[in-house]
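Going down the list, the protein sequences come from chains A and B.
Using this note's numbering, the letters of the first sequence map in sequence onto residues 1 to 293.
Using this note's numbering, the letters of the second sequence map in sequence onto residues 1001 to 1183.
Rather than coming from a laboratory, the hints here were simulated on the basis of the structure.
No experiment lies behind these values; they were computed from the predicted model shown.
Check the hints yourself; a few may be wrong.
Keeping only pairs whose Cα atoms sit at most 30 Å apart, straight-line, the calculated DSSO-like set for lysine-lysine is [to be verified]:
1) Lys53/A <-> Lys1041/B
2) Lys1052/B <-> Lys1109/B
3) Lys1100/B <-> Lys1175/B
4) Lys1155/B <-> Lys149/A
5) Lys103/A <-> Lys53/A
6) Lys103/A <-> Lys1175/B
7) Lys149/A <-> Lys1041/B
8) Lys106/A <-> Lys1091/B
9) Lys1091/B <-> Lys53/A
10) Lys53/A <-> Lys1175/B
11) Lys53/A <-> Lys1052/B
12) Lys149/A <-> Lys1109/B
Which stretches of chain A does chain B cover? Using the computed rule of at least three CB atoms under 8 Å from a CB of chain B, they are [to be verified]:
13) 65-72
14) 198-211
15) 246-257
16) 279-293
All C-beta atoms in this analysis are idealised placements derived from N, C-alpha and C, irrespective of residue type, glycine included.
Here's the letter readout for the chains.
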Amino acid sequence: MRHILKRSCLFRRCCRGARAARRGTILFVAIGAVAVLSILTLGTTSSVMQEMKLARAVTRANESFYAGMAAVEIARIVVTRDDTPGVITLYDLRGRDVAFADKTLKIRLYDEEGLVPLAQATADVLTRLPGLEETSVASNVAAADIAVKEDAFFVSGVDPEMYAQFAPHVTTHSHGRININTAGSVVLQALGMDEDLVAKVREFRAGTDGEEGTIDDAFFSSEAAIVPSLRDGAQISDAEAAFVGDLVARGLLSTSSAYIRVESVLVTGTREEPAVQAVVYVPTGNVVAWYEE
Amino acid sequence: MRAGRGRNGFTFIEVLVVVALFSIIGLALFQSFSMGLQVWKRASRPNFSYRKAVLGLERMARELRQVRGYPNTTFQGEDDELSFASVVYGKAYNLTYEFKQQGLWRDAKILSAGWDPGERREAVPEVAQIEFSYYGYDAPSSSFLFFDEWDGQVKGWPMAVRVMVDLEDETHLEKIMPLPAML
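Same shape as in the complex, but just chain A (with noise of 0.2 Å):
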């Protein structure tokens, strides 16, 4: 009797024994299942994520072109047919704002003749610009054949920093003449302007409120017209009228423009979308060089 009774219990145990290893093995087969299932979940969300990556950067690439040429097509429009014809303002290059669904196209225009032109510009100007005041670095970059604006960063004694410093205000699209109605102080400057005559510019191309960039800003009319337009709008001594007399007898100076860089960045509701900048040929319209970020 007490040899059944162990059997029986032996044999209960050995059914619990058997129930727990079967519920063993559907947790380890279901363990397995849900690690297999993961690495592929996380496989296919690997591989979409990059496929969605891809085509984003794509799509953006595409937006930004054609965004560009739009702005490229709007500047063409207002800087040909503005109020000032033969001359190209601040007020002409103001910004612009188009918007269209749920996008706006920021769109900003830059005088590239509003620039020193480093094709044609003495070292005497370019010492004065910021990062170029070492002589014979200036004498280098004015003796070195340039292209496009980025050789000027392989000019022998120019550092990255130098060239970081002079190069927002030089360009090689140009005739050679700076617009006296759109150059910075800057440029003026080094142009041999000081600062007291560079603030009289600016002051009379700031018009009667007194900000560059607004609809009553007042312009030079014609190279003829600096001087007389600075005694009269801005009180120049003779001094200074015979410098810039000088500047402009040196065809140096010049009212209008053939070269206007047209940025634009597409933003969709607080995304912008990578700035493209082109520069355009005012008479004939063509883009001669383009930018993407």
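Fit chain B to the given chain A structure using the hints.
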């Protein structure tokens, strides 16, 4: 005592059966895993080369958009090779894209620095066939056509470059790359 001990253990046959069963299950599992891995590799391989091709061509399109006139360089195009000057990341380069050794190879020489040994890398790998054509004006027919060759010295820049690529996994890609300078 002997009988009790015997009942608690396994017979030789039972052990053999268990070993055989485990072997069969193990083999089946290994087979299914290895097949799964092979399928995964085969499935992801074309995807990977396709992605590399899309990125390589996108970069080429961007460089073509930034094409620039530079002294002593012209746009030269053939059906399997093209070269042009472009400003990329603040440096002027003469770039050559050439189909060679089952790949589209990109040669970049800095123009600003004078002599430059250049940098060569594979822009699109695993290419079976590639064909470039150039969109421009055809005076005899007074229409715009795709040409197999382009001589920049005579014609300037084309309006667009079309590239048709067959990858080794038989994927076909086609892209038209416009040059804003000519639009």
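To see whether the hints hold, each was checked on the structure:
no. : hint                    : result
1   : Lys53/A <-> Lys1041/B   : 21 Å, holds
2   : Lys1052/B <-> Lys1109/B : 23 Å, holds
3   : Lys1100/B <-> Lys1175/B : 19 Å, holds
4   : Lys1155/B <-> Lys149/A  : 25 Å, holds
5   : Lys103/A <-> Lys53/A    : 21 Å, holds
6   : Lys103/A <-> Lys1175/B  : 26 Å, holds
7   : Lys149/A <-> Lys1041/B  : 48 Å, violated
8   : Lys106/A <-> Lys1091/B  : 27 Å, holds
9   : Lys1091/B <-> Lys53/A   : 28 Å, holds
10  : Lys53/A <-> Lys1175/B   : 19 Å, holds
11  : Lys53/A <-> Lys1052/B   : 13 Å, holds
12  : Lys149/A <-> Lys1109/B  : 17 Å, holds
13  : 65-72                   : holds (count 4)
14  : 198-211                 : violated (count 0)
15  : 246-257                 : violated (count 0)
16  : 279-293                 : holds (count 7)
Of the hints listed earlier, those the structure fails to meet are numbers 7, 14, 15, in rising order.
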